[in-house]
Structures are given as structure tokens and as C-alpha cells.
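Asker: Sequence:
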Amino acid sequence: MNITQKINDAPLVYEVVSKARRVQLSDFDDGIDDPIDSEEVYELIRNINDPEHPLTLEQLHVTNRDHIYVDDGSNRVLIEFTPTIPHCSMATLIGLCIRVRLLRSLPERFKVDIRIREGTHQSESQVNKQLNDKERVAAALENTYLLDVVNQCLATAV
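Quick note: the sequence shown uses this note's numbering, first residue 1, plus one each step.
If you are wondering where the hints come from, they were derived from the structure by calculation, not from laboratory data.
A couple of the hints might just be wrong.
[As the list claims (entries may be wrong)] DEER-style ranges, computed between Cβ atoms:
#1 R65 with D34: 35 to 45 Å
#2 R104 with E135: 17 to 27 Å
#3 L25 with K134: 36 to 46 Å
#4 L25 with S89: 30 to 40 Å
#5 Q24 with L146: 35 to 45 Å
Yeah, the Cβ is synthetic: ideal placement off N, Cα and C, and Gly gets one too.
Taking the hints into account, I'd like the entire structure generated from these sequences.
Answerer: Listed below in C-alpha cells is the structure:
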């Protein structure tokens with residue numbers, strides 16, 4: 001990803017205990033209303049690569065099933081993530097990767113809010129403001145270098 005100087009040279013890597021989502025026959029029937037839940041959203045984002053390390057957000061405990069809130073009835077998704085260190089300069093990029101993955105995967109009816117978990121980053125409010133500002137997100141995605149980095153991070157999220 002062409003990031004030469006690492007902010008966190010030795011992040012903690014956690015064992016991944018995957019709980020595969022159980023596929024049901026009704027998942028393939030378009031005639032059945034299949035509400036989106038936090039488990040499904042977690043499956044979409046857990047394999048996103050960290051921009052700084054060849055590890056997934058799940059392996060670094062940046063994302064967590066318990067910090068994803070979905071209200072299918074009111075079309076809202078809230079994701080809280082935890083940067084690996086309190087001064088992580090990649091936090092905005094990680095949040096942008098999560099947002100792009102969900103923009104590409106969820107139905108357009110959903111309003112997605114992405115936040116850093118309270119008390120886990122020194123610039124939490126500024127990063128949260130950037131991640132949830134449509135114009136800033138659109139401007140960031142017009143930057144071809146940034147979009148390439150995002151796409152590289154998403155390449156493993158299938």
C-alpha cells in the first residue's frame with residue numbers, strides 16, 4: 001500500500017475465532033423479506049485489510065461484532081471501531097474503507113454512521129466529523145491515490 005513509515009510497528013494481533021454466518025435456504029429466495037442484521041454487516045467489514053499492515057481489521061480487533069448496531073426498520077447502521085493506538089493516523093482511512101465497503105454492499109436505503117469508539121483516539125471528534133460528512137467523503141474518493149489505497153484495503157473483503 002506504499003505506506004513506508006509505520007505509525008504502529010508492532011500491533012497486537014488477535015486470534016480470529018470465526019463464527020461463520022449460517023446460510024439458510026431463505027437467503028437465496030428474493031421473495032422473502034430478509035432483514036439486514038449486525039452479523040451480516042460484520043461479515044462485510046471484518047476482512048478489510050488494515051492500510052498499514054497485512055492484517056484484517058478483525059485480526060487487529062479494530063472491528064467487533066458487539067460494536068455494530070443495525071435497525072433494519074428505520075434503515076440505520078452504526079459502526080464503532082477502535083484504532084490500534086490512540087494517535088493512529090490511519091483512523092480516518094480505516095473509517096473511509098468501512099464506509100466505502102458498506103456503500104458498495106448495503107441497499108441505498110441505509111444511513112450509515114461510522115464512529116471511533118469513545119475514548120479510544122485523541123482526535124476522535126474530528127475524525128468522526130470527517131467520516132460522517134458526505135462532502136468530505138466524496139472529496140476523498142475523488143483523490144485517485146486515496147481511492148487506490150481504499151480499493152487495496154477492500155481487495156480481501158469478499
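Asker: Please flag the earlier hints that this structure goes against, numbers listed from lowest up.
Answerer: The structure conflicts with hints 1, 4, although it agrees with all the remaining ones.
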